[in-house]
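S.K.: Sequence:
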Amino acid sequence: MWNNHFIRNRIKIEDKMAQSLLTYILAIKSLSSAVKIISENETVNFLTDETSTIEDKEIIYTFDNGVRVLYLEESEKLDNEYIEQLCQEKWMSYKILDSNGLTITPREKNFYNICQEKYWIKSQMLFRKLPLIYL
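The numbering of the sequence shown is this note's numbering, which starts it at 30 and goes up by one.
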């Protein structure tokens, strides 16, 4: 009996310590999240040729719990103002740089277009029984 009680309490403690990368991505997207961004350091570079411009973006986010996340993005700059409504090809990566002692999973997540990222966020929210939000 004591052993079952110990295991249940240990699971509760571990659940409180374990977090999802989703929590941090929601904050980065300015959506409802349990954490808040306290600083961000952004670097943007452009590579241009005769036909296109490629934008490389790197942002390091620091959160109120000490966690640091690296966001990388590479995309072709397009003139169409409605391109965000399409499944624009865009490489995006979120990577935990410093977990501040927390267990955060996954440690890294990559996406190849906006629709893939939106689908993952929505499926993770459904899995965690969080209220769906408009992305």
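Rather than coming from a laboratory, the hints here were simulated on the basis of the structure.
Don't take each hint at face value.
Only pairs whose alpha carbons sit at most 25 angstroms apart, straight line, appear in this in silico DSS-like list of lysine-lysine [as the list claims (entries may be wrong)]: (1) LYS158 <-> LYS86; (2) LYS158 <-> LYS124; (3) LYS65 <-> LYS86; (4) LYS65 <-> LYS106; (5) LYS147 <-> LYS106; (6) LYS138 <-> LYS158; (7) LYS147 <-> LYS119; (8) LYS158 <-> LYS65; (9) LYS147 <-> LYS124; (10) LYS158 <-> LYS106; (11) LYS147 <-> LYS158; (12) LYS58 <-> LYS158; (13) LYS58 <-> LYS151; (14) LYS119 <-> LYS106; (15) LYS106 <-> LYS138; (16) LYS119 <-> LYS158; (17) LYS138 <-> LYS119; (18) LYS124 <-> LYS65.
What follows is a set of in silico ranges between Cβ atoms, one per label pair, in the way DEER data are often shown [claimed, not checked]: (19) ASP78 <-> GLY130: 43 to 51 angstroms; (20) ILE66 <-> LEU155: 23 to 31 angstroms; (21) LYS158 <-> LEU107: 19 to 27 angstroms; (22) PHE156 <-> PHE75: 32 to 40 angstroms.
Computed from a predicted model, the values in this text were never measured in an experiment.
Every residue gets a Cβ at the ideal spot worked out from N, C-alpha and C, and that includes glycine.
S.K.: Going back to the hint list, which numbers does this structure go against?
M.R.: Of the numbered hints given earlier, those the structure breaks are 1, 4, 10, 16 and 21, listed in rising order.
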